[in-house]
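> What follows is each chain in one-letter form.
Number of protein chains: 2
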Amino acid sequence: MRLVSVDTDGTEQPGAVVAAPDGTDRLLDLAGIAGGLSLAQLLADDTALAAARLAVSGADAATLPRLDDVRLAPPVRPRTILCLGYNYRGHIEGHNEGLVEGDQGGDAAPYPNVFIKTANTIGGPNDPVVMPAAATDVDYEGEIAVVIGRTARNVAEADAMAFVAGYTLFNDVSDRGWQNRSSQWALGKSVDGFGPLGPWIVTTDELPNLGGLQMEVERGGVVTVRASTDAMVYGVAFLVHYLSQVITLQPGDIISTGTPARSVQEQSVHLPLADGETVTIRVTGLGELTTTFVRTDER
Amino acid sequence: MRLVSVDTDGTEQPGAVVAAPDGTDRLLDLAGIAGGLSLAQLLADDTALAAARLAVSGADAATLPRLDDVRLAPPVRPRTILCLGYNYRGHIEGHNEGLVEGDQGGDAAPYPNVFIKTANTIGGPNDPVVMPAAATDVDYEGEIAVVIGRTARNVAEADAMAFVAGYTLFNDVSDRGWQNRSSQWALGKSVDGFGPLGPWIVTTDELPNLGGLQMEVERGGVVTVRASTDAMVYGVAFLVHYLSQVITLQPGDIISTGTPARSVQEQSVHLPLADGETVTIRVTGLGELTTTFVRTDER
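Those protein sequences? They're chains A and B, same order as listed.
The numbering used here numbers the first residue of the first sequence as 1 and each following residue consecutively.
The numbering used here numbers the first residue of the second sequence as 1 and each following residue consecutively.
Just to be clear, a hint being listed does not mean it is correct.
Unchecked claim - Covered stretches of chain A (chain B as the covering partner; in silico rule of three or more C-beta atoms under 8 Å from a C-beta of chain B):
#1 79–87
#2 185–198
#3 242–249
Derived from the structure by calculation, the hints contain no laboratory data.
All values reported here derive from a predicted model rather than from experimental measurement.
All C-beta atoms in this analysis are idealised placements derived from N, C-alpha and C, irrespective of residue type, glycine included.
Looking at chain A on its own, in the form it has when it is part of the complex:
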């Protein structure tokens, strides 16, 4: 299933996306089935999830409203957002921006490099990223986020996939200036709204794992990243296991699996995002997430 959160006058309700015969995506309202649950709570509720699956299989897509006419919220609002640095082979070797002494990437890293983004970063799939006056060196990172489906604490790697609800797209927007002001990247990663998420969660019954997916990232129509998830260093099951040894993961929490290396041309230039630019992340089976970056003069 592809699951979304729909924003109706500020209330966020679960929905499912179904394809109509005309090729358009349509919205199946799951608010009745969810009975007040958020999408994150629904992901943790086997009965509600089974009911949603039944509703999707019986839906007459052609009669449903078009997804384009709906305002989407972030599919989940994570309490905890954990992100991977240097988690694609080739990222370190070719692209050392933000690289800190002591860090290693690819197969050489003895442990995953994990950092935190704060909850204020999460944005809906159609929300622009508003770059505040203080952020003058804004950059994008196209990533696949793992969405936790049930509370995970001290989970063995062999059991870990049962705690994963599905996958979605995430733009780990960063201000490189703030990121590099000291050893800890925290502030450059945690600017308000610097984490567009969505558009939907593809559940693990539809996409069991991240093997062999193609990712493309476009900036202003130019492809700057083209990679396969097979270049990922630490996989999903290991990450859930590893992180859950110290942090109890909750339904709706996300683990973003890191960004692949950029193309050689892109690595040679670094231009901060300017007012009006767009970035699109596209991954096989996960759809695409397009974000517009805008400047604010507000202080």
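Keeping the supplied structure of chain A fixed, place chain B upon it in accordance with the hints.
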């Protein structure tokens, strides 16, 4: 005022601490005045805060229950927990554990070193810190936390103190092993429950600023840190201003102002905390926060 959150069968309600003539602390229930607000919400509500102040001034302390008989929750449950590294002069020069290439401390640092702890770290003032099997190198850091009282976004330094509700004590518990596995300290700082907070918030009408306060930290009865807040590098107003340029701070969010250097004897040995050890943080005007560390065999 000294404000607490009281845990009554899992419901957390605001209260105030008042001193009785016999020298004991007593609890004034503010649940009626709060009318369902959490303490964080009450801090943002001028009317409710004024009513609380009036109730405290009119309270007959001798008739109130003893604070010792009450179960305290963390005074606030922050969405965002921002912490300072190397924010006391002397910390860097004498104590470079966890120091990362490129970091500077004291007056030499061009910017504050800021890191994030996740929300799962927050513990109540009497809760033990449970050290999971994976955490084998657990350490303490006694700090003063600034509690945000109203939503702060792009706040000028001159206006910043109006956004501060008060101060409390915070133990920035860390697993040094996990902290030093890669450049980003995130996981070593964010273990479940590795952030005891409290016991109460002293509001800014009682403690307007952090100037000239004495801090002592004891481990097992031995003083390991003795410092004055006058050695703090970046002050409260600057920090609120600086951080609010990129992160909108909410009522109940905390900024922990960093740990002073340890005594010379303590710096020469580093012994991870063992099962049953206690650490007490004590600051003029802010009371004390004693935490017991326990091992769990649970996996």
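> Determine for every hint whether it applies to the structure shown.
Here is how each hint holds up against the structure:
1. Interface restraint, the region 79–87 of chain A with chain B: holds (4 residues with C-beta to C-beta distance below 8 Å; minimum three).
2. Chain B is given as covering the region 185–198 of chain A, and this holds because 6 residues of the stretch bring a CB closer than 8 Å to a CB of that chain, at least three being needed.
3. Counting residues of the region 242–249 of chain A whose beta carbon lies closer than 8 Å to any beta carbon of chain B gives 5, which reaches the threshold of three, so the coverage claim holds.
The structure fails none of the hints (numbered hints given earlier).
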